[in-house]
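> Residues per chain, in single letters:
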Amino acid sequence: MIPPAIVELLRTGVSVNVGTRDADLLPECTRGWGIWVDDERQAVTLLLTESASAQTLANLRENGLIAITCSRPTDHVTCQLKGKITHIRPATPEDYARQRQWRRAFLGELIAVGVPAEQADAIIMEPAVSVGVHVTGVFAQTPGPGAGEKV
Amino acid sequence: MERATLTLKDLWACFEGIIPATIATCAKDGTPNISYVSQVHYVDPEHVAISFQFFNKTRKNIAEHPFACVMVLDPRAIQAYRLSLKYERSESSGPLFHAMSLQLQAIASHAGMSDVFRLRAADIYAVRRIERVEGITSLPTPPRDERPPSLFIEPDLHALRVIAERLNRTECLGELLETALHCLDEFFGLHHTMLLLVDEKRRTLQTIASRGYQENGVGSEVGFGEGLIGTVAIAKLPLRLSGLDHTLRYARAVHDRAEAVSGPDAVCREIPLPGLSNASTQIAVPLMIRHRCLGVLVAETLEPLRLLIREETLMAIVAGHLAAGIEQSAQETEDQVPIDGPLPTPPAVRSVSSQRSFCFYHADDCIFVDGEYLIKNVPGRILWRILKQHQDEQRVEFTNRELRIDSWLGLPEWKDNFETRLILLRKRLEQKCPDVRLVPRGRGRFALETSVKIVLSEKPA
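Residue numbers (the numbering used here), protein chains in the order written: chain A, 656 to 806; chain B, 73 to 533.
Treat the hints with care, since some could be wrong.
Claimed, not checked - Residues from chain A shown here face chain B by an in silico Cβ test under 10 Å; the list is partial:
hint	residue
1	T667
2	P682
3	V692
4	E695
5	Q697
6	A698
7	T700
8	E705
9	N718
10	T729
11	H731
12	A802
No wet-lab data here; the hints were simulated from the structure.
Note that beta-carbon positions come from the ideal geometry of N, C-alpha and C, so glycine has one too.
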């Protein structure tokens, strides 16, 4: 179960970074545009765009293994979630509604750390693909000596 | 839109650490991992470096499976790029490590975390592929030629910086001169070089160091105004001669002059100038300090069009450093060294059957060893003084200072670069008589070491 502190963190406009690998174990990384925890705190949903994340989606369809590192730009509080995907499908209107919520918080974070508003606003977040993830591990990842410890 | 192949240099703005990068790796069991990297450092067109501070999952994965994918962002437009990397090696010393370490320390000290943030190594990765991530931003990517010239320096500029640092680290004049010629060879491929220093009193230049010749030619002389080198010493301007005619090729005049001088001894009292007999291009640049010329730095090559304005420029910069170093060494005193050395001890004579016969000609302060010309003038007198004291008083240690104030040697009182004379003497001995050596014993002090019996004789004027 995802600890409450992490659920809280994921509500605050964190940046979403996704790691996967292919059949030869070659790693791939991409950016996600939105993340939220489901009611049972066992799973998360995140959104990717097909154009920026083609290899990531191919990897996920092939083996389903995913690592997600989320970090809050203003204070670098960071966690990593590991898991296996439960679904990949085009984003629904509900997904977009959740994304808009996340986007507001995320852009606020970016502007707070000095990213010009027009740059933050120009990030392409749709059309999105919704990826469901059953979380199997949660790790503290805030930079420093404790990074990598299981939460 | 497919663009021309991207190079690491096109991504210069991503390497400033403005937006943190991410690195994805994979464990042996297939579990992916993704974490942040504060900065990806540009190393060269094929490599980047990532700091290794903590033993974390990334580091563990890389040890098991050396592949990584890094995403960097151009902060000017939030344009993302993926780098496919393969781990190559870790550096825990050297310029890159120190630069990265210093940066980290500065950040850590700001945060009061100096003990926690410590660079363990700079991990060097080969870049296998660079991919521009499409569909990240609706803003246009800044044009590729928008690149500050200060970020990626020209290799020559970098080499000059390294050379300047190396020259500044040298401990003595001899090391300075050798380092300069070595660097010109190593960094700029100037394989045949020589350095001559000006003797104002005698209006000549004397070779004090050379590189890339069969005979080092140390001690050979060129008169002011003679040939390329003598001309440069007078004009105090660099000179480059390409497509040399044989007769111009050197102040081989030196040799010719020697042969023209009457008397059998005179001929062999000249050391031939080192040089390539079939050089196609030569460059000579003066070593200037204020308006004085201290010497001339010479390079030559067999290949035409190899020594051009670039080489001349690089040599002129190195010559400037040399001039400053030589001037500095001439002004250093040996006051801190006491005149009285430790009790002299007779050197070990390995084989009494082997001996070296030194003969001093008072007429021209010239020394022959076993019938061959060795050295003359002030260095000749210095050697004679040392050999005599060794024979008469069994002394083995000497100080520059005692010799400097020895009136018989006839050294000018002010600004004499005594060290250059010792270097000359040392190198001539190495070449002609390697079993008699002048070995430095710290600043301003040296010892006479010999493994043969020394026999002295004199010819009066």
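> Next step is simple, just say for each hint if it's right about the structure.
Do the hints match the structure? See the list:
no. : hint : in the structure
1   : T667 : 17 Å, violated
2   : P682 : 4 Å, holds
3   : V692 : 18 Å, violated
4   : E695 : 23 Å, violated
5   : Q697 : 19 Å, violated
6   : A698 : 18 Å, violated
7   : T700 : 18 Å, violated
8   : E705 : 8 Å, holds
9   : N718 : 7 Å, holds
10  : T729 : 13 Å, violated
11  : H731 : 8 Å, holds
12  : A802 : 6 Å, holds
In summary, the numbered hints that this structure violates are 1, 3, 4, 5, 6, 7 and 10.
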